[in-house]
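**Q** Listed below, chain by chain, are the residues.
Protein chains: 2
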Amino acid sequence: MEEADFRGLEITIVGLGLIGGSYASALRKMNPKKLWAIDIERDILDQAENRGIIDGGYIEGASVLKRSDLVIISVYPELTVRFIQENLDYFKPGSVLTDAAGIKKKVIDDIRKFIRKDLDFVGGHPLAGKECSGFANASSDIFMGANYIVTPVPENKRSSLLLVEKMIRGIGCREPILMNPEEHDQVIALTSQLPHLIAAALINSSEFENIGSLIGGSFKDATRVAKMNVTLWSELLLENKENILTQIKVFADNITRFQNALQKEDSTSLAELLEKANRGREKL
Amino acid sequence: MEEADFRGLEITIVGLGLIGGSYASALRKMNPKKLWAIDIERDILDQAENRGIIDGGYIEGASVLKRSDLVIISVYPELTVRFIQENLDYFKPGSVLTDAAGIKKKVIDDIRKFIRKDLDFVGGHPLAGKECSGFANASSDIFMGANYIVTPVPENKRSSLLLVEKMIRGIGCREPILMNPEEHDQVIALTSQLPHLIAAALINSSEFENIGSLIGGSFKDATRVAKMNVTLWSELLLENKENILTQIKVFADNITRFQNALQKEDSTSLAELLEKANRGREKL
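Chains as they are written, first to last, in the numbering used here: chain A, 41 to 324; chain B, 41 to 324.
Keep in mind that a hint or two might mislead.
No distinction is drawn between identical chains; accordingly, a pair holds when it is met within one copy or between any pair of copies.
Stated by the list, open to error - Straight-line alpha carbon distances no greater than 27 Å define the calculated DSSO-like cross-link-like pairs of lysine-lysine that follow:
| # | residue 1 | residue 2 |
| --- | --- | --- |
| 1 | 316 | 289 |
| 2 | 197 | 157 |
| 3 | 157 | 289 |
| 4 | 74 | 260 |
| 5 | 197 | 145 |
| 6 | 260 | 323 |
| 7 | 146 | 197 |
| 8 | 157 | 74 |
| 9 | 73 | 106 |
| 10 | 206 | 260 |
| 11 | 197 | 260 |
| 12 | 145 | 170 |
None of these hints come from the bench; they were simulated from the model. These figures come from a predicted structure and were not determined experimentally.
Full structure from sequences and hints, please.
**A** Shown next, in the form of structure tokens:
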């Protein structure tokens, strides 16, 4: 934690859900000058304020956006774009905006079209989550040791990137990984969206009665994320569909290799496929 | 734990690997009259004896098999059959044998062909494991709250089933689930073997550099079991190939449903598939 460095800053979190609430909890420990939140639910804002996690919560955020040096937008991808567009006049001159959306190219392309020249939007994606949503489940713990991808574009200022990276380290994540937005969307189709899809397809394949008494750790772990936020994930999957379809194809080919080895009772090929997986998993 | 009930019994564990060693640790707490182990590694047997987990370890087990009321065989499926066949003359008259093999029909069919009439073999399968193997990783913890399937056949005596079930509850597992061996192999193809195969195929699909920095919990969990014992799993997969191929087909169909919804950008179907998965996972 790099506590001292945020004492001069006012920060606003937009969206106090699982991720936004976790940002708030984690940032609180870095003692920013002020920590504000914007959300559509008065209840949640009051809870966060009463628990001392934020200094104040707003449904209409103009007044705090005007004072905020850093704004972290933690809502669905399309809403991220819309929030910036609708509040464009209010952001403090020269302030840095970042987000947490699970897809980056479309979000960043859209924002670049209309963002004010004095503002700097740095795309980010914390690879952190839980199989439950909402502020009630938020916790700074979800960031501890988590991966975090940052997707700079040429117009991003060096100072903005450094600020976002400092925030990332400050909340407990690993050293941020930088890549361009297209690359992010390709990678994430494999490392996040495909596993969610597989988990859902595996659950949807389990037609046995009383399945809960017939599973071990492998099935439990493989399907943990099948309990996902349907609205969010529909959007993520559809917005990144080309990359996901490519990854499904690669995965299906790898399943087919196992299928062939089994069909032919080819124990050599089967062992090779398992060995490869063994080595691959060990490298993680 | 039902400690008192095993005080009159001598028990032998065959194979002190991850699972066998865990049986030994868990059974020790039930204070059997004697707890023996048979393994091919003198080293492991000595370790187990020195740590007080067993009363004695043997490479040639005739002497303890002759005294054992319950024999728990915890080696690979084919070896399970071979062990019983090769030691058939030594088992104590009227003793109960059980195993832990992940496939049941072939093991049980083979054993039924030659087993002595006075012995009773009750097939069992603890749905417990770890992504590491060997006695060094054994722990009674792996059974705590784990599911355990027992696969009786008509010739099993009621008293033998009760003894095995008492052992299962005693080591900390949930109430055993009874089903016939064929049904076990069908179910386990879905709930254990398919998730292992998927984990391996997913790892084998991840060709990105530096993948470890680009994953979140979903990828980690989905691939945990990709690090598996290749010899054991090659045998399990090949021996149960028909059921596994059936389950792969069902799973592939469910992946195709997602593929179609994405390709058509059919957000209604996509949301329905995700909702179904959500509900299914919640029921577990």
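**Q** Run every hint past the structure and note whether it holds.
**A** Evaluated hints:
Taking CA atoms no more than 27 Å apart as the test, residue 316 paired with residue 289 passes in both settings, with 19 Å inside one copy and 23 Å between copies. In this assembly of identical chains, the alpha carbons of residue 197 and residue 157 lie at most 27 Å apart only when taken from the same copy (11 Å versus 82 Å across copies). Taking the shortest Cα distances, residue 157 and residue 289 never come within 27 Å of each other, neither inside one copy (41 Å) nor across copies (53 Å). In this homomeric assembly, residue 74 and residue 260 never come within 27 Å of each other (Cα to Cα): the closest approach is 42 Å inside a single copy and 36 Å across copies.
In the homo-oligomer, the alpha carbons of residue 197 and residue 145 lie at most 27 Å apart inside one protomer (19 Å), although the nearest pairing across protomers, at 66 Å, exceeds that limit. Taking CA atoms no more than 27 Å apart as the test, residue 260 paired with residue 323 passes in both settings, with 23 Å inside one copy and 12 Å between copies. For a Cα distance limit of 27 Å, the shortest separation of residue 146 from residue 197 inside one copy, 20 Å, qualifies, whereas the shortest one across copies, 66 Å, does not. In this assembly of identical chains, the alpha carbons of residue 157 and residue 74 lie at most 27 Å apart only when taken from the same copy (25 Å versus 80 Å across copies).
Taking the shortest Cα distances, residue 73 and residue 106 sit within 27 Å of each other inside one copy (15 Å), while across copies they are farther apart (77 Å). Taking CA atoms no more than 27 Å apart as the test, residue 206 paired with residue 260 passes between copies only; the shortest distance there is 26 Å, against 36 Å inside one copy. For the identical chains of this complex, residue 197 and residue 260 are neighbours neither inside a copy (44 Å) nor across copies (34 Å), given an alpha-carbon limit of 27 Å. For the identical chains of this complex, residue 145 and residue 170 are intra-copy neighbours only, at 24 Å inside a copy versus 39 Å across copies, given an alpha-carbon limit of 27 Å.
Hints 3, 4 and 11 from the earlier list are contradicted by this structure; the remaining hints agree with it.
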